[in-house]
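Start from the sequences, fold in the hints, and give me the full structure.
The residues making up each chain are set out below.
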Amino acid sequence: MERSNVSGMSIDEYRRWMKEDIDDLFLINESDSVDEIIKNMNETKLLVSAVNAVELQSLKDIKI
Amino acid sequence: MNETSYNVLWTEGIEKAGVSILSVFSDDVRDKYNWRCDFSAKKRNEVFSRYKEIHDEFRNKYFYGDDDYLKLMDIHKVAACFAEAVLEASLMSFKKDRKAPWFVKCSNYALAFYSSLNIMTFFLQAEYEKKNAKHFEEYKKLKVLRYPSTTIGHDTYTIGRIKSMALKDIQLESFDLLAYADMLYWIEFYNRQIIEGQISIKPRLPRA
Numbered sequence: 001m002e003r004s005n006v007s008g009m010s011i012d013e014y015r016r017w018m019k020e021d022i023d024d025l026f027l028i029n030e031s032d033s034v035d036e037i038i039k040n041m042n043e044t045k046l047l048v049s050a051v052n053a054v055e056l057q058s059l060k061d062i063k064i
Numbered sequence: 001m002n003e004t005s006y007n008v009l010w011t012e013g014i015e016k017a018g019v020s021i022l023s024v025f026s027d028d029v030r031d032k033y034n035w036r037c038d039f040s041a042k043k044r045n046e047v048f049s050r051y052k053e054i055h056d057e058f059r060n061k062y063f064y065g066d067d068d069y070l071k072l073m074d075i076h077k078v079a080a081c082f083a084e085a086v087l088e089a090s091l092m093s094f095k096k097d098r099k100a101p102w103f104v105k106c107s108n109y110a111l112a113f114y115s116s117l118n119i120m121t122f123f124l125q126a127e128y129e130k131k132n133a134k135h136f137e138e139y140k141k142l143k144v145l146r147y148p149s150t151t152i153g154h155d156t157y158t159i160g161r162i163k164s165m166a167l168k169d170i171q172l173e174s175f176d177l178l179a180y181a182d183m184l185y186w187i188e189f190y191n192r193q194i195i196e197g198q199i200s201i202k203p204r205l206p207r208a
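So the protein lines, in turn, are chains A and B.
Going by the working numbering, the first sequence opens with residue 1, and the numbers climb by one from there.
Going by the working numbering, the second sequence opens with residue 1, and the numbers climb by one from there.
There's no promise every hint is true.
BS3-like cross-link-like pairs, simulated, lysine-lysine; straight-line CA separation at most 27 Å [claimed, not checked]:
1. A:K19 to B:K52
2. A:K39 to B:K143
3. B:K105 to B:K32
Keep in mind the hints are simulated off the structure, nothing from the lab.
Next comes the structure, spelled out in structure tokens:
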């Protein structure tokens, strides 16, 4: 099933029309420089791992 | 991002994730299915090149116009770009054998997932180290990242996320960087709440 029209515009027309004012939607998202953050770190070894063995415990039960 | 910074993230984020993932199964499994991770300089450079392309494209599509190209993105979006770059580089390889465990066959998705989480965690570490000694100590006690529990009858959180990445990719859906970055944000938020004493978690009970 095709996307419904938006205010009488086909979806393609709607997208083209919205893209003309896309600046209004741009994300507000400032951050510090990654290079500066790393340069200023004292400890540059990762101390907490994302791989959590408890979370992956169920994989040990997979029959090989 | 300069090459010096990238090399730190490669070592602490991506390489460490690869080593941890490979240790999920025994040497026997790794040998049986020839399961390896390519940590060569060639792959390292490939990931960095691809990351820069993805990052610039992402920024142009969703952020400011050309005049503001110097604006910086937050670390969740940076980590999301790394997830896509690592996935596309296919560092993990294995024998083409249907009997291989699904996790081995999906290990490139796992690597992308855990690499991006390691990178996100690395910057959380930097923030705590710089801004709050007490929280930094609590962070260190964590040792491993925590994930929300799931109800009985569901995959664990991380397995569910890895499978979802695999399913979307296999079904030819494009990598949704915005949604992925949002997922990283909430995983980080969950761990911040634990570290900063806003919530406590009970030890996980064995699944039925």
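We went through each hint and held it up to the structure:
1. A:K19 to B:K52: 24 Å, holds
2. A:K39 to B:K143: The given pair, whose Cα atoms are some 23 Å apart, holds under the 27 Å limit.
3. B:K105 to B:K32: Distance of about 13 Å is within 27 Å: holds.
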